[in-house]
Amino acid sequence: MHMAMASDAPGNEFRLGMLIYDTRYRSLTIQVIVLILFGLAVAWLLNNTVQNLEAKGRTFNYGFLWQRAGYDIQQQLIPYTNDSTHFRALLVGLMNTLVVAILGCIGATIVGIIVGVLRLSKNWLVSKLMTIYVEIFRNIPLLLWILFIFVPLGELAPNPTDFRVTEEMQAAGEEPRASMILFDTVAITARGVNAPYPLLERPLGTVDVAGIPFNLSVLAFLAVVGASFYANSLIRRRARAVQEATGVRPVIWWKSLLILFAPAIVFLWALGFHLEVPELTRFNFSGGVLVQNSFIALLIALILYTGAFIAEIVRAGILAVSKGQTEAAFALGLRPNRTMSLIILPQALRVIIPPLISQFLNLTKNTSLGIAVSYLDLRGTLGGITLNQTGRELECMLLMMLIYLIISLIISSLMNIYNRSVRLKER
Amino acid sequence: MKRSVFFGALTVAGLAAGASAAATLDEVKARGELICGSNTGLAGFGAPDASGNWQGFDVALCKALGASVLGDATKVRFVPTTGETRFTALASGEVDVLIRNSTWTLTRDTELAFDFVAVNYYDGQGFMVKRDLGVSSAKELDGATVCIQTGTTTELNLADFFKSNNMTYTPVNVADDSEAQRQYLAGACDAYTTDASGLAASRATMPDPGSHVILPEIISKEPLGPVVRHGDNNWGDVVRWTYYALLTAEEKGITAANVEEVAASSTDPEVRRLLGVEGDMGAKLGLDPDAFKRAIAAVGNYGEVFEANVGEATPIGLARGLNALWTQGGLQYAPPFR
Ligand SMILES: N[C@@H](CCC(=O)N[C@@H](CS)C(=O)NCC(=O)O)C(=O)O
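The listed protein sequences correspond, in order, to chains A and B.
Numbering follows this note's numbering, in which position 260 of the first sequence is assigned residue number 260; successive positions increment by one, without gaps.
Numbering follows this note's numbering, in which position 120 of the second sequence is assigned residue number 120; successive positions increment by one, without gaps.
Pairs of lysine to aspartate or glutamate, EDC-like flavour, derived with a Cα cap of 16 angstroms:
1. Lys-130/B <-> Glu-140/B
2. Lys-56/A <-> Asp-109/B
3. Lys-56/A <-> Asp-232/B
Derived by calculation from the structure, the hints in this document are not laboratory data.
Build the full structure now, drawing on both the sequences and the hints.
Next comes the structure, spelled out in structure tokens:
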């Protein structure tokens with residue numbers, strides 16, 4: 001009887017009005033309504049788009065991605081010819097974007113930390129120089145920096161033909177107008193830097209994963225190096241244990257050196273490692289590897305520009321660590337640079353990481369300025385040539401935005417994982 | 001440039017209430033101004049002169065259109081476009097007509113949904129190298145680095161040419177003509193390739209034109225002409241017949257100087273129809289009766305436009321070649337005004 005009464009009690013019975021008046025349901029109701037409205041808006045936009053495209057006699061589809069691209073790309077990190085598909089060209093562009101983005105983030109972080117720390121230096125000259133660097137780079141648009149580095153690289157360096165020694169020149173005892181540097185292994189020309197390229201006589205071959213070849217020799221080499229580092233860390237741990245038990249630290253530096261370098265050297269020797277040195281042919285240097293000026297200019301500009309912002313973040317992070325920490329470290333007898341690396345920086349990291357993430361995202365998106373110096377990244381292939389040759393503006397633009405979005409989400413989630421690991425542990 | 005591609009894409013999608021397919025002619029008349037997509041700057045074809053006025057072979061056709069549609073050759077606004085942005089600019093309605101060294105191809109007709117209404121210059125793709133490189137044929141370019149404007153037909157022809165001749169090359173894809181010239185002159189590439197007319201025009205503006213040679217091989221057909229959007233046939237007709245008016249004028253010996261006099265005195269029925277003295281040719285297109293007379297008076301006939309901008313007396317020094325009238329062994333041929 002009582003049970004039945006309770007279930008009949010007002011409030012347990014659901015009425016439609018409760019969706020609005022009952023605080024238990026209200027927020028849910030509002031969310032559902034907003035979601036429906038948002039869905040309708042998206043549907044309207046899509047429908048409108050499709051209709052307008054139809055009115056212009058155009059369709060929306062991605063079939064063109066599987067057609068022959070027909071154009072060539074200078075810098076290709078994965079195999080590509082003009083017979084490859086537009087999708088393949090997209091991948092080549094994506095690789096070119098990623099390589100600049102990754103190297104850029106690493107370089108900018110290094111520059112940023114060094115400059116950020118030096119800006120706080122007690123040395124007046126050093127700290128002022130760093131301030132000038134930060135202010136100059138932060139306040140001039142990135143595109144100008146890219147061009148400012150790119151143009152002189154091309155205008156000042158010699159042409160490949162300037163390296164040529166003809167028979168008449170030999171007879172007359174004349175020197176060529178330009179010559180290679182570093183024991184005749186590196187040529188700097190108006191097109192880029194031709195450097196020696198590591199080659200193996202007995203390579204381990206490659207495996208294709210989803211059309212992207214992975215070089216087994218490189219993977220094996222990385223595995224060997226990784227194993228060496230691991231073995232080295234074991235040795236150090238043993239040494240520390242001995243030190244803690246006996247008070248005497250055993251001498252291990254020669255063991256470390258041996259374990260770090262010997263396996264790698266033996267491995268390379270076994271595979272027949274040698275360097276292929278670039279050689280002048282009719283128009284260009286061939287053999288070796290060509291690092292294009294556009295790549296160099298883009299990378300340096302991105303590093304110096306973003307580095308200036310990161311320096312400010314690092315400086316703010318250091319200043320956020322209370323002065324007492326430094327004084328306590330000094331009282332314990334730690335020298336200033338040990339204090340910085342052991343006490344201050346680890347604590348500053350907590351403040352530094354979140355704004356650092358957005359700098360990494362900025363840098364990654366800024367790689368799309370590469371088109372200004374003829375660097376064919378994702379913007380240059382998918383969003384440039386493919387878009388133009390196929391006339392599929394909407395498809396290409398949407399796909400490109402999606403890809404940049406995915407890259408950015410990956411970067412920020414990786415950085416968030418790292419952020420969690422350095423966060424203050426609350427116990 | 002990036003922004004224009006992006007907004008262009010959105011506008012094509014119809015997210016912005018953009019230009020509709022139909023009635024460009026009415027829009028131009030209502031606006032009182034013709035918007036013409038031109039080059040970012042190619043001497044002789046389309047470039048602003050020292051005082052900021054646009055001049056050139058392609059520009060003249062825009063001016064002729066201004067005269068025939070609006071009665072005033074100065075009521076034309078020129079929008080500079082690169083190889084990459086030009087078609088988006090046209091598709092999105094940013095420009096009414098694109099007259100900018102653009103090659104007529106099947107893909108551009110269909111996938112891009114454009115109409116090439118005429119061919120005002122029959123061209124082909126060539127190569128330019130520095131004289132001291134010692135190259136005399138494009139077939140010797142194996143292994144060379146080649147500067148190429150991105151978003152052009154020439155980009156695809158280049159790949160085909162090297163492939164069919166079993167040669168390799170390194171492309172440097174450049175956004176526009178001036179940057180291509182700068183990189184070529186700096187030595188970032190051994191050869192610059194584009195339409196032969198464009199090469200001649202570029203060479204004319206280089207510091208020492210004599211030290212560059214245009215190689216004899218022409219590796220493609222590049223019929224260049226004015227482009228409009230698919231679906232607005234009336235506007236296409238207006239552009240096409242304004243162009244043919246200039247061509248017919250040359251055939252009939254009508255020039256900017258004598259057009260009034262010919263209109264008053266000629267007894268040739270086609271000339272009378274062309275100049276609006278007789279019949280209703282203009283009205284059939286939605287133009288004034290004397291529309292074509294105004295166009296000829298404003299810029300001169302096709303031959304005059306050619307000689308004044310790119311002809312042999314100019315630094316660019318192009319011969320009429322394929323672009324001579326059909327009566328003189330060329331390909332330029334206008335259908336009858338009837
Ligand atoms: N005809 C080719 C090439 C057109 C093209 O880009 N031409 C160059 C040189 S002939 C040009 O007009 N450049 C000037 C500029 O970039 O503004 C096409 O339609 O794709």
